[in-house]
Amino acid sequence: MSQDLKEAALEYHAKPRPGKLSVEITKPTRTSRDLSLAYSPGVAEPVREIAKDPENAYKYTAKGNLVAVISDGSAILGLGNLGPLASKPVMEGKGVLFKRFAGIDVFDIEVNSESPQAFIETVERIADTFGGINLEDIKAPECFEIERALIEKCSVPVFHDDQHGTAIVTAAGMLNALELQGKKIEEATVVCLGAGAAAIACMKLLISCGIRSENIFMLDRKGVIHSGRDDLNQYKAMFASETDKRTLDDAIDGADVFVGLSGPNLLSAEQLKKMAPNPIVFACSNPDPEISPELANSVRDDLIMATGRSDYPNQVNNVLGFPFIFRGALDVRATAINEEMKVAAVHAIRKLAKEPVPQEICEAYGVDKFEFGRDYIIPKPMDVRLLEVVPAAVARAAVDSGVARNPYPAHYPLKSLDDIII
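Numbered as in full-length UniProt numbering, the sequence shown ends at 422 without a single skipped number.
Please note that a few of the clues may not be correct.
Unchecked claim - Calculated cross-link-like contacts (lysine-lysine; reagent style DSS-like; alpha-carbon spacing at most 30 Å):
hint, residue 1, residue 2
1, K88, K52
2, K369, K354
3, K88, K153
4, K222, K153
5, K183, K88
6, K99, K274
7, K184, K274
8, K236, K222
9, K245, K139
10, K273, K99
11, K380, K354
12, K99, K183
13, K6, K20
14, K20, K88
15, K369, K380
16, K153, K139
17, K183, K236
18, K183, K153
19, K369, K184
20, K183, K20
21, K6, K27
22, K351, K369
23, K15, K59
24, K153, K245
25, K273, K139
26, K380, K351
27, K139, K184
28, K99, K88
29, K184, K99
30, K380, K6
31, K139, K27
Stated by the list, open to error - Computed beta-carbon distance windows for the label pairs:
hint, residue 1, residue 2, range
32, L21, E179, 34 to 42 Å
33, V367, S416, 39 to 47 Å
34, P41, K354, 40 to 48 Å
35, D419, E242, 45 to 53 Å
36, S416, K153, 34 to 42 Å
37, D368, S36, 37 to 45 Å
38, T26, E360, 24 to 32 Å
39, E55, D418, 24 to 32 Å
40, L79, T26, 54 to 62 Å
The set of hints was computed from the structure by calculation and includes no laboratory data.
Predicted model, so just to flag it, every value in this text is computed and none were measured.
For each residue, glycine too, the CB sits at the ideal point set by N, CA and C.
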């Protein structure tokens, strides 16, 4: 990051008031009567109603539009384990995205926990305050157990965005890339460099979308995850292949797809040359990808490439997913965000990329047009149509799969934030 950008980022967070979020009042407070309704004695009436039926909390409080963004700071976006307090700017930033794109209110909560179990207990005790819980920046493999336990213990949806948000957007782009490259999903061979939370979630969701598990070769720091290794945790073991491949050089030979969720400059030009015709490369390490687009395009003129960066085509950006997924889940009071809802989000995002792009969206990015093709396989984050298609797909899947407590909303699909009914 340049010195100018560093200084601008610090000033942005510090001025004119510290931080990026505030709490707003949604009811009149001008008169003594207003205050008597807001607090004592009027507040006693909704208290009694909620005591009679906890579901009334959705009627009389902000619970139904409130998400907790919670972290222990053990895997802060590309920066590592810097502790819970250091994660607060990121958690506030997540709150900004929830509000900006889906009209969802957020409390960010940073938990100083001595163990995964302590973290689980803390979140479980406060979960009823919220309509949903977004886990963020928690290291693997602890994040898997934390999410699993909280899904079991909480009656509101729990979603670890580093896993599932990344997976949903990756899968949406991947399905379109496979189509454009003329590759059948059930035949495609995939090399996944990285075996952390995002990598494992991406591969699991790709399997749900049609990739065959036997065609996936996952690598960690020790090489290919194969059935002969005795050093695998239960999450990596799910991807242990019956293979004699041991290195990235072995695995990449003839592969159709490379997915990088690891570190910078780990895929060489020579390895890219060994991939099958019309390869697909998702080099998503941030800020520096596993191979730079400049180098990749100088080596192959037949590839489709995506990164995690906004300054290259095909940015794999979680903001395409999580605000709208929670919007749909909240609006039907889903008890969980299940596999059906994730797959529905994948297909909603995938299909939107094939639609003609309104001129105002093109102008927002300073281009004449976007057209479905090698340099446009997933929508842009500023595409307002995401609010229309993704919550609707997620809400419908929640209703159809039986995890919704409310019917499909009559005011769907949403055209703008003004259409949101809280």
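Hint consistency between K15 and K59 [alpha-carbon to alpha-carbon, up to 30 Å]: Violated, at about 36 Å.
30 Å Cα cutoff - pair K88, K153: holds (25 Å)
Given hint K20 paired with K183 - CA-CA distance at most 30 Å: Not OK: K183 and K20 at ~44 Å, beyond 30 Å, violated.
Satisfaction of hint between K184 and K369, Cα-Cα up to 30 Å: Given pair K369, K184 holds - Cα atoms ~28 Å apart, limit 30 Å.
Hinted pair K236 and K222, Cα distance within 30 Å: Status holds; Cα separation ~12 Å.
S416 versus K153 beta-carbon gap, inside 34 to 42 Å or not: Because 36 Å falls inside the window, the suggested range holds.
Hinted pair K380 and K6, Cα distance within 30 Å: holds (25 Å)
Pairwise hint evaluation, K274 against K184, where the allowed Cα distance is 30 Å at most: holds (20 Å)
Distance restraint between K183 and K153, which requires alpha-carbon spacing of 30 Å or less: violated (41 Å)
30 Å limit on alpha-carbon distance, applied to hinted pair K153 and K245: violated (41 Å)
L79 paired with T26, Cβ distance criterion 54 to 62 Å: Given about 35 Å between the Cβ atoms, the range is violated.
K222 paired with K153 [C-alpha distance capped at 30 Å]: Violated, because 35 Å separates the two Cα atoms, which is more than 30 Å.
In this structure, the hints that do not hold are numbers 1, 4, 5, 6, 10, 12, 18, 20, 21, 23, 24, 25, 27, 29, 31, 33, 34, 37 and 40, in rising order.
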